[in-house]
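Enquirer: In case you want the letters, here they are:
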Amino acid sequence: MRFVPLILALALAPLLRGIINRTKARFAGRAGPPLLQAYYDLSKLLRKGAVYSHTTTWVFRAGPIVSLSGVLVAATLLPFGNCPSAVAFPGDLVVFVYLLAVGRFFTVAAALDTGSAFEGMGSSREVFFSALAEPSLLLGMAAVARESIGGSAFTSLSEILSAASGHLWVNLGLILVFVAVALFVVCLAENARMPVDDPTTHLELTMIHEVMVLDHGGPDFALVNYAAALKLWLTAALIVGIVVPSTHLLVVDVAVSLSAMAFLAVLIGAVESTMARLRMVRVQQLLIGAATLTFLALILEYRA
Amino acid sequence: MILLALILVPTLAGGLAFAMRAKMWRRTLLIATALVHAALTASLWIDRPGPVLNQWLAVDSLGLLFLSIVSGLFLASAVYSIAYLREEEAARHIDREEGFLFSNEPEAVFVGCLLLFLASMTMVTLSHHLGLLWVGIEGTTLASAPLIYFHRHHRSLEATWKYILICSVGIALALMGNFVLSVATTSPDGRHEIPLIVHRLLENAGRIRVDWLRAAFLFFLVGYGTKMGLAPLHTWLPDAHSEAPSPVSALLSGALLNCAFLGILRVHQLCVAAGEAAFSSPLLILFGVLSLTVAAVFIMRQTDIKRMLAYSSVEHMGVQVIGVGLGGAGVFGAMLHSVNHSLTKAALFLTAGNILAYFGRKRVDEVSGMNRALPTSAVLWIAGFLAITGSPPFGAFLSEFTILKAALDGERFVVAVLYLVMLALIFVGMANIFLRMAQGGRPKTKGPGARETPLALLSPVLLLSCTLVLGLYVPRPLENVCRDVQSSLETPARARAAAEKPEARTVLSHSTVRPNRTLKK
Amino acid sequence: MTSPSDIILVLVILINLLLLGTGRLRSCIRAVAVQGAAIGLLPLLVSSAGFSPRLTLVAVVSVALKGFVFPWLLFRSMRSANVRHEVDPVIGYTASILAGVVLTGASFWMASRLQLPIVPVSDLVLPVALSTILCGLLLIVSRRQALSQVVGYLVLENGIYIFGTALAHEEPLLVEMGILLDVFVAVLVMGVAVFHISREFDHIDVDHLARLKD
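As you go down the protein sequences, you meet chains A, B and C in turn. Using the working numbering, the first residue of the first sequence is number 170, and each one after it goes up by one. Using the working numbering, the first residue of the second sequence is number 97, and each one after it goes up by one. Using the working numbering, the first residue of the third sequence is number 5, and each one after it goes up by one.
With the rest of the complex left out, here is chain A (with noise of 0.2 Å):
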């Protein structure tokens, strides 16, 4: 029981990239690539050589393991559809924020030692959405937290998420509205997602996740877009286990959960395509409203 929000995360994260891009082929009229595309490209990346530059040191080659380990160990903390997380301990939601933390400090380091002004700049550009993004994450979370628990915000994530209930959306909808738009912009920021990144761009001046993984190939390059694909599930999932109430029917609630997050990848996609990357100034006006609404949300919760 424990393990299935985990094997869940671990069987279908490439999968939801495969929604996103089939639903921004149909956006543009096109049939698209097959679902399951995410699958393909990770086992023939995975079958070939790496090649590594010379002026690289070890953090190059450790930059793709770090990063895929504190995704997975993150993963094993987030419950899914009421079913409690393999892992759970009062305060855990930050240790979730800064495994989160810690894979993108590796990702950022890798591609500082490959000394490429590129990469340099684009981990810069990286470092600085995230800085901006990540009090949303924590103030939103502390919202639900209160709200849920109605007590003290340092409490476990599978508590707080499986607390999530009709109650709750009654009494206090407009927080629980509040918290989810900001964690969906948040979501669309930490995964390079359109309004802030252009995951398709081929220009690596406006470029902030693509450039950072340039030089990274074959299986070191798998294991970066594995760790990609998860922390994608696991934003969307963070998202989908705090809107989504609870029915206390696994099946059921395992079931509305899965086609929540299937809903939320056709709704990154629709953003994508309907909407135009902003300009950097913008990008920290966006990231700053959406810690302005939860923090409104927090004080809203506060008051209640």
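Hints are computed from structural coordinates only; laboratory data are not their basis. Do not take every clue at face value.
Stated by the list, open to error - Examples of chain B residues lying across from chain C (beta carbon under 10 Å, computed): (1) F114; (2) G232; (3) I260; (4) A268; (5) L271; (6) N274; (7) P291; (8) H295; (9) E339; (10) R397; (11) P489; (12) S561; (13) L564; (14) L568; (15) Y569; (16) R572.
Said to hold, decoys possible - Calculated from the model, a selection of chain C residues having no Cβ within reach of chain B, i.e. all distances over 10 Å: (17) R34; (18) S56; (19) I144.
What the hints assert, rightly or not - For lysine to aspartate or glutamate, the following EDC-like pairs were computed, each having C-alpha atoms within a straight-line distance of at most 20 Å: (20) K119(B) x E183(B); (21) K217(C) x E462(B); (22) K217(C) x D400(B); (23) K217(C) x D191(B); (24) K458(B) x E184(B); (25) K217(C) x E193(B); (26) K119(B) x E194(B).
Using N, Cα and C, we set each Cβ at its ideal position, and we do this for glycine too.
Since the structure of chain A is provided, determine the placement of chains B and C on it from the hints.
Expert: Okay, now just chains B and C, sitting in the frame of chain A:
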């Protein structure tokens, strides 16, 4: 009926003035309305009618005093305006400071707004409902904004914009004060009982919630204080007063500021009745001293005639607020001072208008040798200087001295010393400017110069004579009204003490004593 | 938390922050129109007595003025003044939003310390009114363009209106109408002034209104 007529006559006349074609008739209408208004006001001194319109409109001593100031000044300005408008008839004018061409506002708009301005000021003085008072004060802002923009050029536009925006924001805060006061009058069971009518509030003052009353007082003080030109909220005032046409400046300074003062007084009255004088009085004194200080600093290094007069208004508003803050005889002094200041300041602004018409310049160093070019105005200018700085034998001396005595009697020595030092500084600063303008050689650039006409001199001469008379003798009705206001601003305990030792009376009898203040200078 | 008046009040806060972060004058005017219309509905929701013709009249007049007439006046002077479309903040948008958040937080804190004599329809009334007033003041001092200062004035007025309708006892109808009339004329006069400013200076940055000083 008279009360309604006082408001409706100028309103209707204002509407009519917008529609009138003939210049002649419009000017006649202006003078006629001013005369009717003054006559109606005078009749109030003989017989005070009862409240009308649900007690929203009523006349008490405080309102009557300020209404008389408004009415008298309006009459003087209206007469002066006739002379002024004659000079301004040309379609195009040259700005003699920067040399560009500009046109004036249509005369119909000017006269119409002037009359509406009178109507709104009358409403302020007569309304006993605080909400209606607010409507009136905001009305004065809106009616006077077009008057400031009479000369259509960029400087007056700037002054108008600052005036509308800053005053509207300030007055919006006073509206908040109204609402907060309304919360303060809510009874514990959540029912609202006391309407915001002045005497009902005073009767039920003991039931008002003190903490919310304090908040309301702060909002009112900041809100109406902005309109009254108390430092540091005075920033719009020098601009508006210096760019407006002179008869309008006279009204703004002499009448409008007092209307805002009235708003503050009404709330202060409430605080006193509710036993919160210990909260409101120090705040009034603080704002007053601050205004005096700011005025002193800016008058010392002023280069513009009308701006100097404007800062002098800030000074005198400070003096009045200090007087009220001190309480007792200080209130008496403040009331007397509001009369004296209005008369003197209006006379000065009107004289400044004559000077401006002749020299075409407002910079102090470009105006000199008035005693040869404009002999009558030079005399008025010097007399006005003596009157405004509170030198005997003018009325302002008497009232400022009463306030000083109230400070000394109340053992508020710090206030008294600051008050004296600032007044002395202002005396020096103004002497420097006024004397240099009146004396000195003939100006190098002689303007095309409109000579002083009897019509343009009439009003300032009369106004100054009035304040001179007030310095020598305070008529009994005026004294009674001021004393009435004083007793309405006293807590019961204080009123008893005052009855045992009538301070104000002793001050009046001391008025012939040579003051040490002029020696200090 | 989900009653209609709560939703309106939260919407008001969101619009305050939106106004602080928006650069386009047109969207600012639209936002303040939505805010005004939403606030205009409040008198209907807060009354304990339920429906009354007096309240309905007040609500209809305020919705009409705040939601339609004011924006229309602003749009009209915007067109006649031919202004640029940016609001020209003195402090940047991000800083403005952050300042707005701080002010909002402060208002909630202040409101939690004030003791109301009556139980308001929603416990959000007091903090939202305070934060709207503060945000309005911030908008006025932090914008260079004349029209966006007028928008700030309207926000300030909205904040006071929230406080008035929800907490103060009902002013007599005549006074209430007088207040609305005054605000209406104020906006009208400001609009006319904006037109004159644009004609005199070819734009409406109040930065250029800086000749008068000591």
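Enquirer: If a hint holds in the structure, say so; if it does not, say that too.
Expert: Now for the hints, and whether the structure bears them out:
Hint on F114(B) is violated. Least Cβ distance to chain C is approximately 15 Å, over the 10 Å limit. Restraint check, G232(B) versus chain C: the minimum CB separation of about 9 Å is within 10 Å; hint holds. Against a cut-off of 10 Å between C-beta atoms, the interface hint on I260(B) holds, since the closest Cβ of chain C lies about 6 Å away. Interface hint status for A268(B): upheld, as the beta-carbon distance to the closest one in chain C is roughly 5 Å, under 10 Å.
Hint status for L271(B): holds, given a least beta-carbon distance of 5 Å to chain C, under 10 Å. The closest approach between the C-beta of N274(B) and any C-beta of chain C is roughly 7 Å, which is under the 10 Å cut-off, so the hint is satisfied. Taken as an interface hint, P291(B) checks out: its beta carbon lies about 8 Å from the nearest beta carbon of chain C, inside 10 Å. Here the hint on H295(B) is broken, as its CB sits about 16 Å from the closest CB of chain C, past 10 Å.
The beta carbon of E339(B) comes within 7 Å of a beta carbon in chain C, closer than 10 Å, and the hint placing it at the interface holds. Hint status for R397(B): holds, given a least beta-carbon distance of 8 Å to chain C, under 10 Å. Checking P489(B) against chain C: minimum C-beta separation of about 33 Å lies over 10 Å; hint violated. Below 10 Å, beta-carbon pairs count as interface contacts, and S561(B) has none with chain C, the closest being about 33 Å; its hint is therefore violated.
For the restraint placing L564(B) at the interface with chain C, the shortest Cβ-Cβ distance is roughly 32 Å, beyond the 10 Å limit, so the hint is violated. Look at L568(B): its Cβ only gets to about 36 Å from chain C, farther than 10 Å, so that hint breaks. Restraint check, Y569(B) versus chain C: the minimum CB separation of about 39 Å is more than 10 Å; hint violated. Restraint check, R572(B) versus chain C: the minimum CB separation of about 37 Å is more than 10 Å; hint violated.
Even its closest Cβ contact with chain B, about 22 Å, leaves R34(C) beyond 10 Å, as expected for a residue assigned away from the interface. The non-interface label for S56(C) is consistent with chain B: the shortest C-beta to C-beta separation is roughly 15 Å, beyond 10 Å. For I144(C), the condition that its CB be more than 10 Å from all CB atoms of chain B is violated, with the nearest at approximately 6 Å. Between K119(B) and E183(B), the direct Cα distance comes to roughly 14 Å. Compliance with the 20 Å bound is thereby established for this hinted pair.
Distance restraint check for K217(C) and E462(B): the Cα-Cα separation of roughly 18 Å lies within the 20 Å cut-off, and the hinted pair is therefore satisfied. Straight-line distance between C-alpha atoms of K217(C) and D400(B) comes to about 10 Å, which keeps the hinted pair within the 20 Å bound. For a cut-off of 20 Å, the pair hint linking K217(C) to D191(B) stands: about 18 Å separates their Cα positions. As the CA atoms of K458(B) and E184(B) are separated by approximately 17 Å, the hinted pair is consistent with the 20 Å bound.
For a cut-off of 20 Å, the pair hint linking K217(C) to E193(B) stands: about 15 Å separates their Cα positions. Pair hint K119(B) plus E194(B) does not hold up; C-alpha atoms about 30 Å apart against a cutoff of 20 Å.
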